[in-house]
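Can you build the whole structure from these sequences, using the hints too?
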Amino acid sequence: MAVCVAVIAKENYPLYIKTLPNENELKFHYTVHTSLDVIEERIHSVSKNTNDLRELYLGLLYPTEDYKVYGYVTNSRIKFIIVIESTNATIRDNEIRSMFRKLHNAYTDMVCNPFYTNGDIIEST
Amino acid sequence: MSKQFAVFGDLFEEAIRAGLTAIQTQHPGFYYQEAARYAIARKQLCRGLCPAELKYPASDPLAEADKMEYYGQRPWRQGHQSLEAPSVQKEREGIQALQYRECQVDHSWLVIPLLSSAIAQFKKYKSPRMKRYLVVQMGEEYYHAKDYSKALALLGRVTWEYRSERWWSILTNILQLSLRCAYLVMSFEEYVTVSIELMGRYAQVPREEKIRIQMNLHKIFQDEVPEPEHGCEHDSVEKGRALWTTISAGGKSRSPIVVEMNSITAFVECKACFTADSFLCESPVTVKLGLHSFAPMPIRFSQLSVRFSNEAYNQFGIVVDENAVDDPIESTSYLKPGQTLWHTFQFIVEQDDVDCNLSIAGVDLVLGSLEGCCATLRWTDGGGDAIVHPFATQVHRKKVALNADFSVVSWDVLPSNYSTHISPREANLDVQLLQKGPALVNEFYLMTVSITNTEVAQISNVRTSISVVTAVADAVATAQPNTFLYEDIDLPCSQLISMPLLEELKPNQKVDNVAYVRCVDSGARLMCIQVSYQIPIDISGKMSMCNCMKEITSSIEVCEPFNITVSLTNMKFEKIEKVQLGEAFLSRMEVKCLSPWPVALQGSSLNLAKLVKFADEESLSQLTDVSLKQNDCAVEFRCLLSSGQTPSEIDIGSYSIEWRRVQNGAAVPFASTTVSLPTVEAEPIPLSLHVDMPAYGHMKAVLPLTYLLHNQTPFVQDMEIAMESSEAFMLSGHKQLFFRILPDSQHILRYNLFPLFPGYVTLPRLRVNMVRYSGVLDQLLSSVVPTHIFIKPFEKKVSA
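Note that the protein sequences, when read in sequence, are chains G and A. Residue numbering for the first sequence follows the working numbering, starting at 1 and increasing by one per position. Residue numbering for the second sequence follows the working numbering, starting at 1001 and increasing by one per position.
Simulated from the structure, these hints should not be mistaken for lab results. Some hints here could point you the wrong way.
What the hints assert, rightly or not - Among the chain A residues that face chain G by a calculated CB cut under 10 Å, a handful are:
| # | residue |
| --- | --- |
| 1 | K1131 |
| 2 | R1132 |
| 3 | V1136 |
| 4 | W1160 |
| 5 | Y1162 |
| 6 | E1165 |
| 7 | W1168 |
| 8 | S1169 |
| 9 | I1170 |
| 10 | N1173 |
| 11 | F1294 |
Stated by the list, open to error - Derived SDA-like pairs: lysine to any residue, alpha-carbon spacing no greater than 25 Å straight-line:
| # | chain 1 | residue 1 | chain 2 | residue 2 |
| --- | --- | --- | --- | --- |
| 12 | G | K10 | A | Y1202 |
| 13 | G | K18 | A | E1426 |
| 14 | G | K27 | A | K1150 |
Claimed, not checked - Over 12 Å on every C-beta distance to chain A, these chain G residues come out as not near it, computed from the model:
| # | residue |
| --- | --- |
| 15 | F28 |
| 16 | E95 |
| 17 | K102 |
| 18 | N113 |
Given the structure is predicted, the values throughout are model-derived calculations rather than measurements. In this text, a Cβ means the ideal position worked out from N, Cα and C, and glycines have one as well.
Structure (structure tokens):
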């Protein structure tokens, strides 16, 4: 199970961060924030090539501190970040991809909502 | 563990220096960071496990620790195999000794250098956020190491980045730590700034916290000691409290501090705007200032002042509250939470500011009492904060009109318009440029500027100026001006002329000013006429002089007056392409008048080039005092002679005519138009022939004819001439002759002709043939030699 999920807007501020309730939330905030560095670098180096659809999924960003961080960028530069415990070795790449796909679908549904203005903090029940 | 990581980090660094490339996710920085993390963990464990007060136990269980074989072995256990400790007492003492030793280790100073090397690594590999995270950790370490000012400095450096990236939870954490440090070091400015930010709407502290912080701020402004922050160590708290007390007990107020509000997100937001984008100079300028508070409890300000770009208006923008700070009387400076307070300022602009932009330089809000210690919250440019809505999505929101009722609009959507334009008063003057166009090139064209005062009052100091407007494209193409303005005929020209100053102009009075313009080429010209004057006007009961200006542009069409064509003919008025050297030819100048106005020609003159001269000694113009209407043509002929020796293209020169409009009369001087004559090829002829004969003959009277043959070549020429007979004449002279002409000398042939018939009769033709240039000469000479002559008949007598 993912330990933390975050949706980051184009200007690099968090639209939605949720962690498992018994964890140190601040630490995850920092982890997500620092993983933005890696994402930025990947985006800038990829943007020199033609933008391939497959590049949306950035894969394993870096394994640090007993956690694995995965990233995914949409074409409008919205970033999704999933943090998973390293001990959870049974999760495979495909499952991560499907998780991101579901996240992306949920996000597009939300953007289609006429009451949602772009840039607002996402509040979810 | 941490030492392991540190050593590995060093190794990695060495490897990189030796040539191993590292990527962003795998470089020594991570290892240093891990080292630091483990050191921090160690410190935390130590704190948890070791009691603070400890002394070294009496017996020295660790005396032989260095002699052990393995790292970490405990000397009192040596020699026993079982897991159980042999002696419980010794075990306890041993552990106590270890704990004591552990307590001695200054953990923070182990962590900090590790963190700084990690930061350096991350900086090298361009991970700014990781670097910032590490800086925050270093700040925390300094806090634990009780170096509070350094911690404060470090944390201050990173807060702006988190603020701009809007990671509120992280920012809140950092701010709370900064608050503790500021409290402990008694850094007044930092404390106030951080408190203000923590009370703001983005900080994620619970409401009770915010209330507590607000209470502390209150206490500071009343020269009392604030409560200590949570989570600080006791002895530090005592020191801090002592510091605060000494300052407040000393009685001297702390110097007022200034807090820059634009770089933090505070609990009070300010938005100032002018109610319109531009104001007329006679109407008062209105500024609306709104303050919105997000603090949990009501707060009172002592003074609100607005600063403008022109400091003279600052006095109009001050609101002072005389009540005491914690007096819950509601007034204009008492902000309730969630409520917006509006202030309106109005003032009249000075004349100097007309036609300028007026903007709000800043807003100052004073917290605390003015006599005691206070903090000035300073905004620049009409409000805003660190997040001045960088969203591109803001444009989708409907813009709120500036003069709408602001109390019903929500705070976030309100516009902030901090610059406005003062437009000058409309000039009520009728200015016209009277002219009889179109103008002609090179003439002195008369224009009249007519000014009529249509104001109700009398105006004074009327200044008029006329200038030529050059379009940008023109300015590039023509380096020299092509339009000249003259105030009067005798004065030199300029690009801008100012008319004499008129002292006063009564209502409905009219005045005319005259100017001349001369244009060098055709086209349209734009003239700009500016009239400025002063008029007394009434601005809210006060009379003052207002400057007004009226500007009009008027275009003048300029067209060519003449179309001059020049062609060359020979003496028989036939068109020729080439000219013979030494032979006279005619230049035909045709002047076709294109101007719609009748034009009077004064005269014309030819400026000839070196190789060309007039055939006659003096050559008068044939176009003197000729008056042309549109589409009339005037033609004149001038007889020219080319005087060169070598065949070449000769430039004949230029032709100029002087003229002026008929209707202008003698007031306007003549203008001259010049056209250059074509270049023509001159060829030498070997022989030139001149015929000397009277203009007409009589019947039965002798007509003498003389032919002069001039040898133009430097050689002796053999000549052969033959005179053909003609029916109309009886001829006496050489019919056929061979002779020689020396170079540059001439030979004269004389003939006597006796006319037989009256009328325009054909002359007998002389054929000249040069032996060397046979066949050539005929053609050349046929154009020179006259072919016909008029013979007058007898007087008719009626014969019986």
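* Of the hints stated earlier, which fail here? -> Violated hints: 4, 11, 13 and 15; rest satisfied.
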